[in-house]
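Got chain A sorted already, so can you dock chain B onto it with the hints?
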Amino acid sequence: MGQPLLVWLVGGVLLLGAGFVTALLPRWWGRAQDRSVAWSTARTAIDSAAVSRDAVPSSVAEAERLLARAEHLAAGRGGVRAARAATGHARRADELWQAAQREHTDGTARRTGDVRPAEGSTA
Amino acid sequence: MTAPRLPRRVDHLRWVFLGLAVVVLVVFLLAQQQSIEVSYGQSPSASGRVAEGSADELSDATLPSVEEMTAQVAADPVVRLPGAVARWNEDRVRAAIGATDTRILVAPPGLTEEQRKQVREVEDVTIRIIGTEVSGGLYGVTADRIAGWRAQFATHDVTDLLVTLITTLNKDPRPEDRDELVWREPTGAELDAVVADLRADRPHVAEGATLTRIPTDAARNAFPGGARYAAFPAQPYGEPLPAYGAALTEVFPGDPIVVMYGNWIEYHGPDAEEFAELAGASFYAQLGSRLSRYDYPQVNVLGAYLDQVTDIRYAGLFERPLPYQPFDPLRVALPALPWLFAVCVAAFMLLSVRSLRRSAGGLLARPGDPQRGGVRARLAGLTALAVEVSLLTDARSNPALTRGVVKLQAARDALDEGLPDRHVSGLLDEATSELDDTARTVGITSYQPDLYLRGRLS
Numbered sequence: 001m002g003q004p005l006l007v008w009l010v011g012g013v014l015l016l017g018a019g020f021v022t023a024l025l026p027r028w029w030g031r032a033q034d035r036s037v038a039w040s041t042a043r044t045a046i047d048s049a050a051v052s053r054d055a056v057p058s059s060v061a062e063a064e065r066l067l068a069r070a071e072h073l074a075a076g077r078g079g080v081r082a083a084r085a086a087t088g089h090a091r092r093a094d095e096l097w098q099a100a101q102r103e104h105t106d107g108t109a110r111r112t113g114d115v116r117p118a119e120g121s122t123a
Numbered sequence: 001m002t003a004p005r006l007p008r009r010v011d012h013l014r015w016v017f018l019g020l021a022v023v024v025l026v027v028f029l030l031a032q033q034q035s036i037e038v039s040y041g042q043s044p045s046a047s048g049r050v051a052e053g054s055a056d057e058l059s060d061a062t063l064p065s066v067e068e069m070t071a072q073v074a075a076d077p078v079v080r081l082p083g084a085v086a087r088w089n090e091d092r093v094r095a096a097i098g099a100t101d102t103r104i105l106v107a108p109p110g111l112t113e114e115q116r117k118q119v120r121e122v123e124d125v126t127i128r129i130i131g132t133e134v135s136g137g138l139y140g141v142t143a144d145r146i147a148g149w150r151a152q153f154a155t156h157d158v159t160d161l162l163v164t165l166i167t168t169l170n171k172d173p174r175p176e177d178r179d180e181l182v183w184r185e186p187t188g189a190e191l192d193a194v195v196a197d198l199r200a201d202r203p204h205v206a207e208g209a210t211l212t213r214i215p216t217d218a219a220r221n222a223f224p225g226g227a228r229y230a231a232f233p234a235q236p237y238g239e240p241l242p243a244y245g246a247a248l249t250e251v252f253p254g255d256p257i258v259v260m261y262g263n264w265i266e267y268h269g270p271d272a273e274e275f276a277e278l279a280g281a282s283f284y285a286q287l288g289s290r291l292s293r294y295d296y297p298q299v300n301v302l303g304a305y306l307d308q309v310t311d312i313r314y315a316g317l318f319e320r321p322l323p324y325q326p327f328d329p330l331r332v333a334l335p336a337l338p339w340l341f342a343v344c345v346a347a348f349m350l351l352s353v354r355s356l357r358r359s360a361g362g363l364l365a366r367p368g369d370p371q372r373g374g375v376r377a378r379l380a381g382l383t384a385l386a387v388e389v390s391l392l393t394d395a396r397s398n399p400a401l402t403r404g405v406v407k408l409q410a411a412r413d414a415l416d417e418g419l420p421d422r423h424v425s426g427l428l429d430e431a432t433s434e435l436d437d438t439a440r441t442v443g444i445t446s447y448q449p450d451l452y453l454r455g456r457l458s
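As you go down the protein sequences, you meet chains A and B in turn. Per our numbering: the first sequence = residues 1 to 123. Per our numbering: the second sequence = residues 1 to 458.
Looking at chain A on its own, in the form it has when it is part of the complex (with noise of 0.2 angstroms):
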């Protein structure tokens, strides 16, 4: 009798164990994935505006803090969350910065009389 208890014991523990082994670890793993993806997003974000930064000769107030946050939220390594957060405080940043880049680039235009325009028509 000792053997067959043993199967069904096994056997129902090793059932247990499967079930919840696949009900989890595709969640797991979805959730692990769900926050790497999110970091990816926001590390490029956040590289793009520096970039954007980086480009423009005055200095953006508004675009620093929010960069700045966005540094310190990555710093953090929180979950996908943070992540997110870290994404929206990157992007406003680089926006901020490219319209200050383009605001500044029209004035040098304006000032310099840039051919641009023209080369662009003879293409």
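Don't read these hints as lab results, they were simulated from the structure. On a predicted model such as this, the values are computed, not experimentally measured, just so you know. Note that the Cβ used here is the ideal one computed from N, Cα and C, for glycine as well. Heads up, a few of these hints could be off.
[As the list claims (entries may be wrong)] Residues of chain B placed beyond 12 angstroms of chain A at every Cβ, according to the derived structure: (1) Arg80; (2) Val125; (3) Thr142; (4) Thr167; (5) Pro242; (6) Phe275.
[Said to hold, decoys possible] Examples of chain B residues lying across from chain A (beta carbon under 10 angstroms, computed): (7) Ala21; (8) Cys344; (9) Arg403; (10) Val424.
Leaving out everything else, chain B in the frame of chain A:
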């Protein structure tokens, strides 16, 4: 079209196995029933608890009050209450008592629990006899030999029990049991009456016997080939017992014959030597104390005896063929169930691992997996575009290109980390829009990513 359908079918199969495993488990659990009855072949003899009085074992005997009984016992060393049946060899008992003051109270059999309690409350009684149950002091005495039970139940003789108890109480040496039963040949007239009934295939019930019928089911189970029954009342003490068994065996050779004297049952006929003593000893050893205390009608005693015979038959001691037993699929399948369960569990585990590996495809896919070719090709094309455009950029278009390169780098990292294609192509989309910007700023239409990629691919 068949490729995605097959895994799904396998996935469904997994749940079928799980359901099967659960069903097997439930069947196994429901089939578990513990029973104290151990029987070679599921003996059909009746069993179960019975309430006192449900088998007509109580007599209508009435007792005097406890005070009256106490007074009687004080006046007389042996008090026989009305209805008492126990008898004994007075010489032997007197010899055992010797000079000690031993008082005996004899009560009728079949008293209720309440009445037995009254008998126990009577004071200064050395020995109480209820029916033929003998007790005294801390002791109760029961017979343990065929001869003892035969004397007790066939003739209500309790001499041996009394002598044993008295000598034990007085710490005297105990004399040997003595079988005082005397047998005699039945007379011709007696035998003829019995034989006439048995020849007519009906039980013989002598005058005074309480056998009203034969318990049919029990009789069929005990003696499938039929048996002949003769019942007599208990023999008055001291009279020789007519030996009907031997005489009837001569008349009906080869037939099982059951003879009752009072509550004593004898078996004669085929296999009597090995069977009669076993059946009698196991029956009276088990039920002797109840039979001695109560006043059972012979029908019930016979029924119980036949059940005992059935149990012995089913114990497989005599290699007799068992009655047909219907095929029980559950009993046959029961040993296989654990292994069936194990197979189901194994199948479920295997299929689960399969489905897990499939669901983890996003993570476990190797770099260079052909299914990711589209994203990789796009990444390569855009990178080549970025390199080409970088030669033409100036201060204005440079930031957009750099952002594009940063995003391409991020897309490459994501691809290497094994992040899902959706994310990678999202990053590539962003890079594409940056490169688009660059191309527009530079002013060369053919460097617009859409056009550039199309040109490269063609």
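Structure-based check of all given hints:
Separation of Arg80 of chain B from chain A is adequate, the least Cβ-Cβ distance of about 57 angstroms exceeding the 12 angstroms criterion. Its beta-carbon lying about 53 angstroms from the closest one in chain A, Val125 of chain B satisfies the requirement of being farther than 12 angstroms from that chain. Against the 12 angstroms criterion, Thr142 of chain B stays outside the reach of chain A, whose nearest CB is about 38 angstroms from its own CB. The beta carbon of Thr167 of chain B sits about 50 angstroms from the closest Cβ of chain A, which is more than 12 angstroms, so the claim that it is off the interface holds.
Pro242 of chain B, annotated as away from the interface, keeps every beta carbon of chain A farther than 12 angstroms; the closest lies near 54 angstroms. Look at Phe275 of chain B: its CB is around 34 angstroms from the nearest CB on chain A, clear of 12 angstroms, so calling it non-interface holds up. Restraint check, Ala21 of chain B versus chain A: the minimum CB separation of about 6 angstroms is within 10 angstroms; hint holds. A hinted interface residue such as Cys344 of chain B counts as satisfied when its beta carbon comes closer than 10 angstroms to some beta carbon of chain A; here the least separation is about 8 angstroms, so the hint holds.
Interface restraint check: Arg403 of chain B against chain A, minimum CB-CB distance 5 angstroms, threshold 10 angstroms, status holds. Nearest Cβ of chain A to the Cβ of Val424 of chain B: about 9 angstroms, under the 10 angstroms cut. The hint holds.
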